[in-house]
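K.L.:
So the chains spell out like this:
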Amino acid sequence: MKILVCITHVPDTTSKINFTDNNTKFDPTGVQFIIGPYDDYALARAIEIKEANAGTTVTVLNVGTADTEPTIRKALAIGADDAIRINAEPTDSFFVASQIAEHAKSAGGYDLILMGRESIDYNSGVVHGIVGEILGLPSISPVMKLDIEGTTAKLAREIEGGKEYVEVSLPFVAGCQEPIAEWKIPNMRGIMSARTKPLKVVEPKAVDSGVKLQKFELPPPKGAVKMISADNVAELVTLLKNEAKVL
Amino acid sequence: MSILVFVEIAEGQIKKTSLEAVAYAHAMGGPVTAIALGAADQSALTSLGKYGAQKVLHAADEKLNKEVIQAYASVLTKALQDEGADILVLASSSLGTPVAARVATKIGASLATNVTELPDTTAGFVVKRSIYTGKAFAKVTLSNTKKVIALKKNAAEAKEVGSDVAVTPYSVTLSDADFATKILSSEKATGEVLLPEANIVVSGGRGMKGAEHWGILEELAKTLHAATGCSKPVSDMGWRPHHEHVGQTGVKVAPQLYIAVGISGAIQHLAGVNSSKYIVVINKDADAPFFKAADYGIVGDAFDVVPKLTEALKAAK
Ligand SMILES: Cc1cc2nc3c(=O)[nH]c(=O)nc-3n(C[C@H](O)[C@H](O)[C@H](O)COP(=O)(O)OP(=O)(O)OC[C@H]3O[C@@H](n4cnc5c(N)ncnc54)[C@H](O)[C@@H]3O)c2cc1C
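In the order they appear, the protein sequences are chains A and B.
With the numbering used here applied, the first sequence covers 1 to 247.
With the numbering used here applied, the second sequence covers 248 to 564.
Please note that a few of the clues may not be correct.
[To be verified] With a Cα cut of at most 30 angstroms, we get these calculated BS3-like pairs of lysine-lysine: (1) B:K353 to A:K215; (2) A:K241 to B:K353; (3) B:K539 to A:K145; (4) B:K297 to A:K241; (5) A:K226 to B:K353; (6) B:K310 to A:K145; (7) A:K245 to B:K353; (8) A:K245 to B:K393; (9) A:K50 to B:K263; (10) B:K406 to A:K205; (11) A:K105 to A:K154; (12) B:K406 to A:K241; (13) A:K222 to B:K435; (14) A:K154 to B:K313; (15) A:K25 to B:K325; (16) B:K456 to A:K226; (17) B:K555 to A:K241; (18) B:K406 to A:K145; (19) B:K386 to B:K263; (20) B:K561 to A:K205; (21) A:K226 to B:K469; (22) B:K393 to A:K145; (23) A:K154 to B:K561; (24) B:K429 to A:K105; (25) A:K245 to B:K524; (26) B:K561 to A:K145; (27) B:K435 to A:K16; (28) B:K297 to A:K154; (29) B:K353 to A:K222; (30) A:K154 to B:K393; (31) B:K429 to A:K245; (32) A:K245 to B:K561; (33) A:K222 to B:K406; (34) B:K297 to A:K245.
Bear in mind the hints are in silico, worked out from the structure with no lab data behind them.
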């Protein structure tokens, strides 16, 4: 089986978000970058499938500039066999999805294309759907469980208020989330071998998505908290009713 | 410029976020055609006129009772053509967002999800969307004639602006390829307020100490007609189902009121609640970081404060 896992290179979940250049650029000062947490679940499940099925290969793909290579090497250290970096700023979902689809078409033969349900920077949650549509494949997200039996997969998809169980034939595209697998931490041997695993850099295809960033904005700062004594919860009810007007 | 709005149905009724989508399209200037797929309550559909729909289409084919993303995308693409609509508006959700992705690709539309405000059309067509899990916003220009806009909760206020309209049946031709994914079964809580839709959320953390203690939170939630949520460790430990997990890696909520009980306020949890209008924090530790993000706080033991709060709310009714 051939599995493609698409990963994002995003600020660590504890990062404070700031912008520069008149609010048109993300400020990476002091920010640590990680594999997107949802992508990390997709990668972990791909490695589990590889371990259970001899002859399976896992390729990771990232659309990003050279800055993302440490993140890609981490995915190789976790157990992917090789990597592709599409050399471009991942400006927008349609652009990124088009690059992924282009790679999948030219490389050919992927049985599974996995990624996170959304990136944690732009949170669009649409890349798997666009890739599926371009390639004419089913796309399923957010996937909480993925089991492969021959050429068929059984999945659990989260829906509002519950989940649904889905069956689909390979190949398909899936956006993953927990508890599909446990995040994997690279070991020493993984880190050593990652250094020499192939990482191919490919130039992007020109794509116009019809979406252009104008400006970033930060939310207004939060006001001070009003503390209420535990012996006087009735006061909280009064405040919620008369001040916040939410009851 | 006609606008098509895809409305989602939950237990026969129109979801609140879908009513907001109709209101959004109406505020954009319409004319608005709403479309519902699968089984739906007819009186709920006619009432879409009140929120600003001039026309309501209903594709009642029973194959659409199962929410298959590709099939939904095909039907909506056809409806856009039939209605001569260039813009599709819908709610961002576990159904709406993936459907939006496929429709936008089929029709070559500019696509934006998690949109928080009406477009600014003074120079081009600019929408504001929530990014970095609620920690920031981006203003983006959608330059293609065709546009697909998926809204975040509260992007527009669902208010009555018109009167009931008749429902027009919409017949569809579905292909087998649209049903390549087969939905075998589903498990869905019924009669509960859905977490992403809720106006009030009561959420519990590890401080609740065990699944067996959720009764006091459920009682509080019932009194407030609220949905229940939880922190990640709570769903990881199986105290609560996964779809209640709020935060960076879970559901992002945007209620009027979020009540957090025994949750420390880790940055990953806050990422899922920072779109709430008001936040109440109940925690026995006065130094819990959540108080910094709260509007109202009570330092105290959940097992003491929560039942007292429920009583006070009942008394105030
Ligand atoms: C990549 C990543 C993603 C994550 N995503 C999420 C996410 O989406 N959502 C999420 O929630 N977390 C997420 N986390 C985990 C997060 O960092 C915290 O560990 C988690 O939110 C803590 O949950 P908690 O507040 O319930 O537990 P704790 O941090 O253990 O806090 C328990 C709180 O309960 C209080 N308490 C104890 N007993 C009582 C009592 N009797 N009465 C009142 N208060 C009491 C304590 O004072 C404490 O403040 C993520 C972490 C990572 C690394």
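K.L.:
For which of the previously enumerated hints does the structure constitute a violation, in increasing order of number?
P.N.:
Failing hints, ascending: 2, 3, 5, 7, 8, 9, 10, 13, 15, 18, 20, 22, 23, 26, 27, 28, 29, 30 and 31.
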